[in-house]
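Protein chains in written order, with my numbering: chain A, 1 to 471; chain B, 1001 to 1471.
These aren't lab readings, by the way, just hints derived from the structure by calculation. Be a bit skeptical, because a hint or two may be false.
Here are a few chain B residues that sit away from chain A, every Cβ distance over 12 Å (derived from the structure) [to be verified]: (1) Val-1032; (2) Tyr-1040; (3) Thr-1097; (4) Arg-1261; (5) Tyr-1266; (6) Leu-1287; (7) Val-1297; (8) Pro-1328; (9) Val-1354; (10) Pro-1355; (11) Ile-1372.
Computed list of lysine-lysine pairs in BS3-like fashion (alpha-carbon distance at most 30 Å, straight line) [stated by the list, open to error]: (12) Lys-1233/B to Lys-325/A; (13) Lys-325/A to Lys-1325/B; (14) Lys-138/A to Lys-419/A.
All values reported here derive from a predicted model rather than from experimental measurement. In this text, a Cβ means the ideal position worked out from N, Cα and C, and glycines have one as well.
Take a look at the letters that make up each chain.
2 protein chains.
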Amino acid sequence: MTRWFPIPLTDGLTLLAEAPAAENGPLVLAGVLLSLVVIYLAAKLGGEVCARINLPPVLGELLGGVVVGISILHLLAFPEATSEASRSLIIRFLESTGGLQPESALSVFEAESEVISVLAEIGVIILLFEIGLESDLKELLRVGPQAAAVAVVGVAVPFAAGTSGLIALFGVPVIPAVFAGAALTATSIGITAKVLAELQRLSSREGQIIIGAAVLDDVLGIIVLAVVASLAKTGEIQIGNVIYLIVAAAVFLIGSIFLGRLLSPYFVGLVNRLQTRGNLLLSSLVLVFVLSYIGAVIQLEAILGAFAAGLILAETEKREELAEKVVPIADMLVPIFFVVVGARTDISVLNPFVPENREGLILATFLIVVAILGKAITGLAVFGQPGINRLAIGVGMIPRGEVGLVFVAVGSATGVLSKPLEAAIIVMVILTTFLAPALLRLVFRDQAEVADKMLEAIATTKPEEVESVKE
Amino acid sequence: MTRWFPIPLTDGLTLLAEAPAAENGPLVLAGVLLSLVVIYLAAKLGGEVCARINLPPVLGELLGGVVVGISILHLLAFPEATSEASRSLIIRFLESTGGLQPESALSVFEAESEVISVLAEIGVIILLFEIGLESDLKELLRVGPQAAAVAVVGVAVPFAAGTSGLIALFGVPVIPAVFAGAALTATSIGITAKVLAELQRLSSREGQIIIGAAVLDDVLGIIVLAVVASLAKTGEIQIGNVIYLIVAAAVFLIGSIFLGRLLSPYFVGLVNRLQTRGNLLLSSLVLVFVLSYIGAVIQLEAILGAFAAGLILAETEKREELAEKVVPIADMLVPIFFVVVGARTDISVLNPFVPENREGLILATFLIVVAILGKAITGLAVFGQPGINRLAIGVGMIPRGEVGLVFVAVGSATGVLSKPLEAAIIVMVILTTFLAPALLRLVFRDQAEVADKMLEAIATTKPEEVESVKE
Chain A
1 MTRWFPIPLT DGLTLLAEAP AAENGPLVLA GVLLSLVVIY LAAKLGGEVC ARINLPPVLG
61 ELLGGVVVGI SILHLLAFPE ATSEASRSLI IRFLESTGGL QPESALSVFE AESEVISVLA
121 EIGVIILLFE IGLESDLKEL LRVGPQAAAV AVVGVAVPFA AGTSGLIALF GVPVIPAVFA
181 GAALTATSIG ITAKVLAELQ RLSSREGQII IGAAVLDDVL GIIVLAVVAS LAKTGEIQIG
241 NVIYLIVAAA VFLIGSIFLG RLLSPYFVGL VNRLQTRGNL LLSSLVLVFV LSYIGAVIQL
301 EAILGAFAAG LILAETEKRE ELAEKVVPIA DMLVPIFFVV VGARTDISVL NPFVPENREG
361 LILATFLIVV AILGKAITGL AVFGQPGINR LAIGVGMIPR GEVGLVFVAV GSATGVLSKP
421 LEAAIIVMVI LTTFLAPALL RLVFRDQAEV ADKMLEAIAT TKPEEVESVK E
Chain B
1001 MTRWFPIPLT DGLTLLAEAP AAENGPLVLA GVLLSLVVIY LAAKLGGEVC ARINLPPVLG
1061 ELLGGVVVGI SILHLLAFPE ATSEASRSLI IRFLESTGGL QPESALSVFE AESEVISVLA
1121 EIGVIILLFE IGLESDLKEL LRVGPQAAAV AVVGVAVPFA AGTSGLIALF GVPVIPAVFA
1181 GAALTATSIG ITAKVLAELQ RLSSREGQII IGAAVLDDVL GIIVLAVVAS LAKTGEIQIG
1241 NVIYLIVAAA VFLIGSIFLG RLLSPYFVGL VNRLQTRGNL LLSSLVLVFV LSYIGAVIQL
1301 EAILGAFAAG LILAETEKRE ELAEKVVPIA DMLVPIFFVV VGARTDISVL NPFVPENREG
1361 LILATFLIVV AILGKAITGL AVFGQPGINR LAIGVGMIPR GEVGLVFVAV GSATGVLSKP
1421 LEAAIIVMVI LTTFLAPALL RLVFRDQAEV ADKMLEAIAT TKPEEVESVK E
């Protein structure tokens, strides 16, 4: 391609709205703008296609991400997947249209990817804040015991079945088998919550049990990962670390919600006294980001802090006003997260025609069966809730998503995973992540259809009976 | 300070929602979250204080930025101002609470600053999009000749007076004097537009003349900068480059608005067929970011593209729905821009007790007088608009803002500016930027008070007369 204009862009781009942070600053901005355009087009195209064939739009965003990502189009690439900046089509586009010099390409590529990654993280923080805002703390506490049962079964069963199966059936050594078993325990709260919101089931009892269980599962997953990571590194379990994580999680979640409820009247009072534009939104974002920072810094997760902030603010009189204001922000930032998750996924491990993939695919088949069944049965752990959709709860726990990939990343770093086992875990994560939204829609749809038919049948009888069934 | 927990954060933070782009990714996110908290607190504190003493909130955001920035608290620092990461308090906070290792501090600092800088740029892009959306293309075209006259006078008078004054009164050599004169020509469209919006004067005739003139001034400023930069570098003016910029600006602004109006019915039709969440917002953001990218890449400015996108979409039936959705996004991102502009401003050059500042301050006094008078008289260039507030138009053109700092950055890079002259330009930029919002409020208030008094006096007479005066 020839250049569109006679002078290198770096001269002209210095004219952007302010003095650039580094001399490549303007090109980084240009790269970020292009990446966002690609992300939004992928999200909308994928989402619209999925919506039309009755699949959850978020699945379309993930698939759209796969198409534009490191697996197929290379429009979005990331330094950890490729060290060559030239493999990112956006960087090549910048070189040919933006006057980016080859010697600056790598640093621009890294900076642009860093910005997109952080935007994706802020996207999932906003998503979890929105989910917290739509959740009902009282309902969540009421279904707490059920959620805890679901979370514990959903960690214990896949871990035990996966680890023992790998050892017994495939002769995998103990430590890698434990690691792979641990990777089966994760649940992606982001994907599940987003699908539930799309199906408008977030505030149903099933929805609240799933959300509660997914949050607890997140905490359990962190503890499991800490255990297996230290096991893989040193061959022993650091009990102190495990106790620290359990205490930190409990103190953080209970403490922030308790303190938050105590202090929220003062927060509302303060917001009401502010006069400038965006008073409620910015004050709330300060709370969200502070709790996210604390969640991250005490070795839990940023998203747990964001969820806690949502729960706290949901209890205030500002809930509806705030929820309305968060919608456009979530619309803008959340798709970045899902498209980036898809774009980072390397689906080449799924190709059965590559001989070295085959051993991994066989292991993967086993892991997938355990992953799906091990979570699907968790609904059976729910007690004292007659008439509840147990299958929906179990299915809601299936997607491993980005959390599963963290296990792979840590496993790679410590070097305990063989190449085929690593690939198998990735395949398991991909399939559970991409299947779960469709399955979840299916199990909730069936229920809705049954309910509709029941209501229809009863509609001919007395109205008060219909009311009682609806409840 | 002691660490809050027993294990380095980098282990724990790997658990963040996805595999990090670089191994420091999670710490970068933590740094960005902290920076955003600091930015929002500074914006709200400054904004609320200013709102209470009847100054525009945006001035408070700028001043809040100064307080947390490189001049005073060092909470927000930027690599171009200091090469030591340890001078950023946020980085030191991360080191003591987040387990950031000293050897990674610089790269985390740079990445975090890059992300905040890009967020600030996206903030001013969203601001100009919002301003475009609130503008009226027909009104803007109708006042076009007046706006052009204001822009041309506002470039010619300060340039001629500044350059000749520096040569004649202070014996400054020709090329640096030309450079300093050129720096006097800029107008910060962002600050002016924001103040007008806060005063609810954006759609007044004065407001539209100021916006039109500021946009043209932006284009003229780019051309002036290209001229003086090549003059400083090679000693001669590259005519081809100047012609290119003029043609590119004309083709881009006229072309995008013409094409946009032609294609906008298809855009609306497409948006109406989309079914998934955020259809209007994301489709619009794609247009905004594409035009911003083109604006940047053809050596104009990203914000010109964003403004054009706003003008285009303002002509569609979606205007109001879209404007409503953009509000929370602007509330979230625009303050980042103003606080960052303030945080980057080094006010130490204003200290008269430092002997080496004195020569600069004397030069600055002269530049400030020229800067204010040279723009204030531009209102006189408005013709055929009886009863218009000429002073308000002139005052609206005063703030140099971030555009003025670009001149300083380019001047520094080419080495033509002496230290005192460079400091003098910075002082001029600071004072015009920080004074203009207050002055603008004053001149519009006076007008409002006069109008109120007139109405009051007339109110005792016939009602139909009051109506005609109001118009």
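Each hint tested on the structure:
With a least CB separation of 5 Å from chain A, Val-1032/B falls inside the 12 Å interface cut-off, contrary to its annotation. For Tyr-1040/B, the shortest C-beta to C-beta distance to chain A comes to about 5 Å, within the 12 Å cut-off, and the non-interface label is violated. Taking the minimum C-beta to C-beta distance to chain A, about 6 Å, the non-interface status of Thr-1097/B is violated against the 12 Å cut. For Arg-1261/B, the shortest C-beta to C-beta distance to chain A comes to about 21 Å, beyond the 12 Å cut-off, and the non-interface label holds.
Once the 12 Å rule is applied to beta carbons, Tyr-1266/B is consistent with being away from chain A; the minimum gap is 15 Å. The claim that Leu-1287/B lies off the interface is violated: its Cβ sits roughly 9 Å from the closest Cβ of chain A, which falls inside the 12 Å cut-off. Listed as outside the interface, Val-1297/B is inconsistent with that label: its C-beta sits roughly 5 Å from the nearest C-beta of chain A, within the 12 Å cut-off. Not every Cβ of chain A is farther than 12 Å from the Cβ of Pro-1328/B; the closest lies at roughly 4 Å, contradicting the non-interface assignment.
No Cβ of chain A comes within 12 Å of the Cβ of Val-1354/B; the nearest lies about 23 Å off, and the non-interface call holds. At roughly 27 Å, the least C-beta separation between Pro-1355/B and chain A is larger than 12 Å, which holds for a residue marked as non-interface. At roughly 22 Å from the closest C-beta of chain A, the C-beta of Ile-1372/B stays outside 12 Å, upholding its exclusion from the interface. Between the alpha carbons of Lys-1233/B and Lys-325/A the distance comes to roughly 50 Å, so the proposed pair goes past 30 Å and is violated.
Of the pairs offered as hints, the one joining Lys-325/A and Lys-1325/B holds, with about 8 Å between alpha carbons and a cut-off of 30 Å not exceeded. Between the alpha carbons of Lys-138/A and Lys-419/A the distance comes to roughly 46 Å, so the proposed pair goes past 30 Å and is violated.
Going down the numbered hints, you'll see the structure goes against 1, 2, 3, 6, 7, 8, 12, 14, while the others check out.
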